[in-house]
Amino acid sequence: MAMIAKVMRILRRDSLVASRDSMLIIILAMSVLMAVGIQLFAPGIADSVVRIGLLDDDTADHAAFVAEYARVERFGSVAELERRVAKRDEIAGMVRSGDGYEIVVQGDEGPDLLNYAKLLNALYELGGSRDDSTASVLSFGKAVSPIKAKLANMLILMMVMLSGMTISLGIVEEKSDDTISAVNVSPVSQNAFIVGKSLLGGLSTLASIVIALLILGYRGVNWPMIILVGLTSMVLTFIIGFLQGLSSTDVIEAATGVKMTMLPIAGSIAGYELLSDKWQWTMYWSPFYWAYKANDLILTERADWPTVLLCAALVSGISLAIYLIAIPRIREGLS
Amino acid sequence: MKLASAYRKEMTIAFRGFYFYVEIVIALILLAVLLLAVDEYPEGREKEYAFYDASPAVVDAVFAELIEEGTLVPGEPEELTMKPASFEVVDEAAGTSARYSFDDARAVAARTMLEMDRATGRKKKTIYLLDSEDDLLRLSFSSGGVGAVIRPGDDGRLYYRYILQGYETERVSNLLYALHARSLDELGDAMDGQAVRSLGPVDRLNARESAVPLFVTFAGSLMGFFIVMAYLYLDKNEGAIKAIAVTPATVRTYLLSKTLVIMSTVLVSSSIVVIPVMGAKPDYLLFYPFLLATTFAFAALGLFVASFFDSMDDAFGTLYVIMIAFMLPAFSYLIGSFDPVWLRFFPTYPVLQVFKAVMLGKTDVPYALAVLAGFLAGGAAILLAAEARFKKTLTV
Numbered sequence: 083m084a085m086i087a088k089v090m091r092i093l094r095r096d097s098l099v100a101s102r103d104s105m106l107i108i109i110l111a112m113s114v115l116m117a118v119g120i121q122l123f124a125p126g127i128a129d130s131v132v133r134i135g136l137l138d139d140d141t142a143d144h145a146a147f148v149a150e151y152a153r154v155e156r157f158g159s160v161a162e163l164e165r166r167v168a169k170r171d172e173i174a175g176m177v178r179s180g181d182g183y184e185i186v187v188q189g190d191e192g193p194d195l196l197n198y199a200k201l202l203n204a205l206y207e208l209g210g211s212r213d214d215s216t217a218s219v220l221s222f223g224k225a226v227s228p229i230k231a232k233l234a235n236m237l238i239l240m241m242v243m244l245s246g247m248t249i250s251l252g253i254v255e256e257k258s259d260d261t262i263s264a265v266n267v268s269p270v271s272q273n274a275f276i277v278g279k280s281l282l283g284g285l286s287t288l289a290s291i292v293i294a295l296l297i298l299g300y301r302g303v304n305w306p307m308i309i310l311v312g313l314t315s316m317v318l319t320f321i322i323g324f325l326q327g328l329s330s331t332d333v334i335e336a337a338t339g340v341k342m343t344m345l346p347i348a349g350s351i352a353g354y355e356l357l358s359d360k361w362q363w364t365m366y367w368s369p370f371y372w373a374y375k376a377n378d379l380i381l382t383e384r385a386d387w388p389t390v391l392l393c394a395a396l397v398s399g400i401s402l403a404i405y406l407i408a409i410p411r412i413r414e415g416l417s
Numbered sequence: 039m040k041l042a043s044a045y046r047k048e049m050t051i052a053f054r055g056f057y058f059y060v061e062i063v064i065a066l067i068l069l070a071v072l073l074l075a076v077d078e079y080p081e082g083r084e085k086e087y088a089f090y091d092a093s094p095a096v097v098d099a100v101f102a103e104l105i106e107e108g109t110l111v112p113g114e115p116e117e118l119t120m121k122p123a124s125f126e127v128v129d130e131a132a133g134t135s136a137r138y139s140f141d142d143a144r145a146v147a148a149r150t151m152l153e154m155d156r157a158t159g160r161k162k163k164t165i166y167l168l169d170s171e172d173d174l175l176r177l178s179f180s181s182g183g184v185g186a187v188i189r190p191g192d193d194g195r196l197y198y199r200y201i202l203q204g205y206e207t208e209r210v211s212n213l214l215y216a217l218h219a220r221s222l223d224e225l226g227d228a229m230d231g232q233a234v235r236s237l238g239p240v241d242r243l244n245a246r247e248s249a250v251p252l253f254v255t256f257a258g259s260l261m262g263f264f265i266v267m268a269y270l271y272l273d274k275n276e277g278a279i280k281a282i283a284v285t286p287a288t289v290r291t292y293l294l295s296k297t298l299v300i301m302s303t304v305l306v307s308s309s310i311v312v313i314p315v316m317g318a319k320p321d322y323l324l325f326y327p328f329l330l331a332t333t334f335a336f337a338a339l340g341l342f343v344a345s346f347f348d349s350m351d352d353a354f355g356t357l358y359v360i361m362i363a364f365m366l367p368a369f370s371y372l373i374g375s376f377d378p379v380w381l382r383f384f385p386t387y388p389v390l391q392v393f394k395a396v397m398l399g400k401t402d403v404p405y406a407l408a409v410l411a412g413f414l415a416g417g418a419a420i421l422l423a424a425e426a427r428f429k430k431t432l433t434v
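Protein sequences, first through last, are from chains H and S. Counting from 83, one number per residue, gives the positions in the first sequence under this note's numbering. Counting from 39, one number per residue, gives the positions in the second sequence under this note's numbering.
By construction, these hints were calculated from the structure, which means they are not laboratory data. Idealized CB from N, CA, C, for every residue including glycine. Careful, some of the hints might be misleading.
[Claimed, not checked] Far from chain S by the CB rule (all over 10 Å, computed), these chain H residues: (1) M112; (2) L205; (3) L310; (4) S368.
[Unchecked claim] Computed far set for chain H versus chain S, every beta-carbon distance over 12 Å: (5) V292; (6) P306; (7) M365.
[What the hints assert, rightly or not] Derived lysine-lysine pairs resembling DSSO-like cross-links, with alpha carbons at most 30 Å apart: (8) K162/S with K85/S; (9) K161/S with K319/S; (10) K162/S with K360/H; (11) K319/S with K224/H.
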């Protein structure tokens, strides 16, 4: 009981200090701002598959046809349309030429855009309605697009990373204020100090993750799974934050450490998203990979408890291994 | 002269410190990852699941035709595992839905067909041929891939029942309906006959090269913003800044020397990645001035922001928000069709655009020089503002 009381005292003290320099508010505000940003712009990212530029004097029939399959932009002249096509994003133009339409492209687009434009032209030429089609379309009724889920997942990892950085910088600050040595002559044990220092970052990060997911519309997400993965990945970040904070003698080293932490996190996300199945094993060493994978499955409604528990166990196991290896350094840093 | 001596002193300190070498190590790690782990033309990871509700002879005939025309290549059979799952399949057009529940976990061996990219010869997508509709539904639901049940009709045409995830736009289903309003042969011939006019020569960065503009922008230019603040607070903590008051060096010399150290570090770390990956392709005469100008401007901004805070801890929240905001144009860079107007007002947007053109070696030189001049002038103005603020606080 006495230990818990001491931990809570450190948490209260940290909350007071954090509220003075507005760090806590910034962590929460960041998550809200970024969640609102994703909510506003994710539909734009997901729905901007193909863009086609048409002239203002194009026939209403053709324009309506193209709009059924692509996002349409209109231009007053061929020169204006060409200027738009020449810009860096991907858009193909369609200009009337004889009986059909000529496709105008910049030349450096992916092959899919050109093929899509050709397909639309071919479909328009051949005619044929939905009634002639031999296709029918069913769905699983999933509401959340994978892009939104990926952005939300990155946001969660970013929040977790931010709390680790806060701990690291907080410890460097304590070192420069010489408060760490003061802890050693106080009745607070080193373990209580570590837990107490981590609690504020942990609680604010968990709160910001929950708020962000609520804003993003994930009300029906499996919350126990999200909290479990959030907690386990946070333990890891705390250990890294502590290690960096204690081993950094000054703020430039802590800042360098922050940059170093970004590498495995960004690498794990890139590895999970970009590597082919046969190369995924190369990322198995990274606990951030397992955290990202678990969140991905949960947010896209494909998760099951055995997989999530396995991912959480791997994150915890790797974190524990790092902690055990690092105990001497943490003790040394605190003494 | 004072600046040269201050710069030499700062560089000597930087060489003794940890940060300079970390930058080099990070650049070397990224170089190794790019060269060893990133394919120039990566294989597509898209998966589709198909179940042919027809006799094996019909299925073989369909694929023999597609293989012969080079659209598909037979792949190795793969074992696919299915977990217990429960889901609903909705037919919006008919207004009906059906519930499926599977309690068992099972594995199936599936034949595969690979759709190839004719330009690069790499796999675009893998099509798994399954033996039952239930397997198709379970795999499509759990992996997020499109599923299609195909059966020959009495009229001799093939009928397709697509199973999408549900978040796709109406345009996607419109296209699926339209695709099968005519025979695929007829469509293919009509597509081949389309007139196409290209505005410029076809030139693209491959997957490996595409990472380079991102690296030089975010780990190069923009990192100056972050690190120059750390350098400044280090001097503040150690009281070194106050010593300036009793030396002939001015605040401007001090700030410029810090900026020059960052520029030198970025010059080295960016070269480590750019030269081995890009070789002789980039326009180096434009690359280095542009890299230095943008690093200078972001470092000046870092100094200006730092002038409002007493410690790195205080400044961290603001720094983090600005860094994240500046990274947003990366989405537009990576997703070519996502290019909203508001994103173009972020300073990193033109930086990415110019670096990409420079890497291709086909820069719009007047535009690049205009952006460069803008960053130099903006950086100088911000540095002057930072100097004015620091004159009041730094040397007291």
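Quick rundown of the hints versus the structure:
At roughly 6 Å, the least C-beta separation between M112/H and chain S is not larger than 10 Å, which violates its mark as non-interface. Listed as outside the interface, L205/H is inconsistent with that label: its C-beta sits roughly 5 Å from the nearest C-beta of chain S, within the 10 Å cut-off. Against chain S, the non-interface label of L310/H holds: every CB pair exceeds 10 Å, the least being about 19 Å. At roughly 13 Å from the closest C-beta of chain S, the C-beta of S368/H stays outside 10 Å, upholding its exclusion from the interface.
In this structure V292/H is separated from chain S by more than 12 Å, as the shortest Cβ-Cβ distance comes to about 20 Å. Non-interface call for P306/H relative to chain S: holds, since the shortest CB-CB distance, roughly 18 Å, exceeds 12 Å. Taking the minimum C-beta to C-beta distance to chain S, about 10 Å, the non-interface status of M365/H is violated against the 12 Å cut. As the CA atoms of K162/S and K85/S are separated by approximately 9 Å, the hinted pair is consistent with the 30 Å bound.
A hinted pair counts as satisfied when its Cα atoms are at most 30 Å apart, and K161/S with K319/S qualifies at roughly 27 Å. The suggested pairing of K162/S with K360/H holds, with an alpha-carbon distance near 15 Å, which does not exceed 30 Å. Of the pairs offered as hints, the one joining K319/S and K224/H is violated, with about 45 Å between alpha carbons and a cut-off of 30 Å exceeded.
Of the numbered hints given earlier, the model fails hints 1, 2, 7 and 11; all others are met.
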